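Each chain is listed here by its residues.
2 protein chains.
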Amino acid sequence: MSGPPPTPGVPPSGDAHAPRTGGPARGARGGLLQRMDKGGLAHVVAVGSGKGGVGKSSVTALLGAELRRRGHTVGILDADITGPSIPKLLGVAGPLLDRGEGIEPATSREGISVVSSQFMVEDEQTPVIWRGPLVTRLITQFFGSVQWGKLDYLLIDMPPGTSDVPLTVFQTIPIDGMVFVLTPQELAALIVKKAMNMARELHVPLLGVVENMASVACPHCGQRFEPFGPSRVGGVAAEYGIPVLGQLPVTPAVSELGDAGRLGEHTSPEVAGLGVAFEKSVQNATKDSMTVL
Amino acid sequence: MSGPPPTPGVPPSGDAHAPRTGGPARGARGGLLQRMDKGGLAHVVAVGSGKGGVGKSSVTALLGAELRRRGHTVGILDADITGPSIPKLLGVAGPLLDRGEGIEPATSREGISVVSSQFMVEDEQTPVIWRGPLVTRLITQFFGSVQWGKLDYLLIDMPPGTSDVPLTVFQTIPIDGMVFVLTPQELAALIVKKAMNMARELHVPLLGVVENMASVACPHCGQRFEPFGPSRVGGVAAEYGIPVLGQLPVTPAVSELGDAGRLGEHTSPEVAGLGVAFEKSVQNATKDSMTVL
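From first to last, the protein sequence lines are chains A and B.
Note that the first sequence ends on residue 293 in the working numbering; no numbers are left out.
Note that the second sequence ends on residue 293 in the working numbering; no numbers are left out.
It should be emphasised that the hints constitute simulated quantities derived from the structure, not laboratory data.
Given the structure is predicted, the values throughout are model-derived calculations rather than measurements.
Possibly wrong hints are sitting among the right ones.
Stated by the list, open to error - Covered stretches of chain B (in silico footprint by chain A; criterion: 3 or more residues with CB under 8 Å from a CB of chain A, positions within the stretch not fixed):
| no. | segment |
| --- | --- |
| 1 | 76-86 |
| 2 | 148-161 |
Said to hold, decoys possible - Think about it this way: if two alpha-carbon atoms lie no more than 20 Å apart in a straight line, the pair counts; the simulated EDC-like pairs of lysine to aspartate or glutamate are:
| no. | chain 1 | residue 1 | chain 2 | residue 2 |
| --- | --- | --- | --- | --- |
| 3 | B | 193 | A | 279 |
| 4 | A | 38 | A | 279 |
| 5 | A | 193 | B | 259 |
| 6 | B | 38 | B | 104 |
| 7 | B | 150 | B | 37 |
| 8 | A | 38 | A | 101 |
What the hints assert, rightly or not - Partner residues are not named here, just some residues of chain B that face chain A (Cβ under 7 Å, in silico):
| no. | residue |
| --- | --- |
| 9 | 127 |
| 10 | 255 |
| 11 | 257 |
Even for Gly, the Cβ is constructed at its ideal location relative to N, Cα and C.
Extracted from the complex, chain A is given alone in its bound form (with noise of 0.2 Å):
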């Protein structure tokens, strides 16, 4: 290997490009990258983290099934492709079955549709190598081909980072918005910058944004603390101009009933607070975009 190495930071021409509002995009190889149909699916919400590992999985999980209860119809697209968290979250498996009309989706006892890469390996331990392209595909195919119905809210829980998968979604996939989760980390509150400046190069409307890991209570004497340091939720949202959806504890609850599969049994004042700053936020981010059409 020579040379100068490439500039990053913007795409280089040819090799990733925002939509063009109204019109097809170019694709990673100069193809057309069409912006899918919305169908029936009311409001589709990204969530998404920068840095991996800050429960961005358990907060979608969460979220949904808190819809759920709040009476709404709700499906989660795992785009997480080569690190699937949501099937055993929520305790639903696959396979994916394909009876002639699209693929169908899983379900979660809590009525959630699910899709992910997890229902199309052989066990669950099985790795998923793909290079990009592939990725990218089975990411339109998960929201094109598989047959959601009518929804209230299809979630998308987006895996980390700012390569393919983030792109493919802003480009192809027919956002109403995103919703960035953090832990108290300076390094987390870094990253999902990152992430959120991505998205708002590729116009993608940030909704807000989810504090998870924000403090703990000691089992021994009952006192509360934050074992990551001090919340900077507060600074990130301010930075922005958005709200801050909700601040979520370290709690013993959401490690056993995830480990169990269980994680739509979980709540608290804080997920129901996260519930109804969440649709108000969509309900904010539709009414902008109706008033600008």
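Assemble the complex: chain A is given as a structure, and chain B must be docked to it using the hints.
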């Protein structure tokens, strides 16, 4: 979009092949992927996690600094192109210079040579929005076009997941083995197994596992508890027949020093133990491969 989704698990023909020992392997576009020379690097070890956010970069930085304290020359190749953490944790900045003899790594206060995509962007919040092929090219440049010089240990901080970057690293960089970091949650254990299975499939020696965030001490009553549930590292290590190299607690000092770019200053009996166990494990792996030859 129509047609059945592609079959995951095993990489499709022509898209990803295990390197053949002593010879070239075919790469993503059917071109030749040549394993590069080790040059002056005595040991090249990848640090990976499967799931992100388990503190893999912190473990890499702590391990690198401990190896320095043990009298070794150390480099860190930050292969987490879209979510680089090492520069922030060790307080080291770019730009990368090339005075005609290849890219010169930056140097941390501890004397660790560091190369990261972070050094190539204007400010630390600019996202690197790249599709796989460009990321792949950068990784091979970070290894092959950088003047690493003579080092006892080059640590490669891997991104989470099992997609392009790990494939590229396994196919083109002559690594001696890989260390895996996980946290106590069952999900983290599950996803680390995927990454470990991928490494195994591609004939990368598994050197051992490190458990991070195993316990935390309450600042009010001083008692220790397991915020993410009971440890699972022993089970994972036994299943793969590899050693547990260390168990690190959640410590305010790690968050604070990491946020301040001074993580290299953190010492503890656990970090010292990790250094000893790591070196032993590398020596065993290298000895074994020499015996085989």
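For each hint, the structure was consulted:
no. : hint          : verdict
1   : 76-86         : holds (count 4)
2   : 148-161       : holds (count 3)
3   : B/193 x A/279 : violated (37 Å)
4   : A/38 x A/279  : holds (18 Å)
5   : A/193 x B/259 : holds (15 Å)
6   : B/38 x B/104  : holds (17 Å)
7   : B/150 x B/37  : holds (13 Å)
8   : A/38 x A/101  : holds (17 Å)
9   : 127           : holds (4 Å)
10  : 255           : holds (4 Å)
11  : 257           : violated (11 Å)
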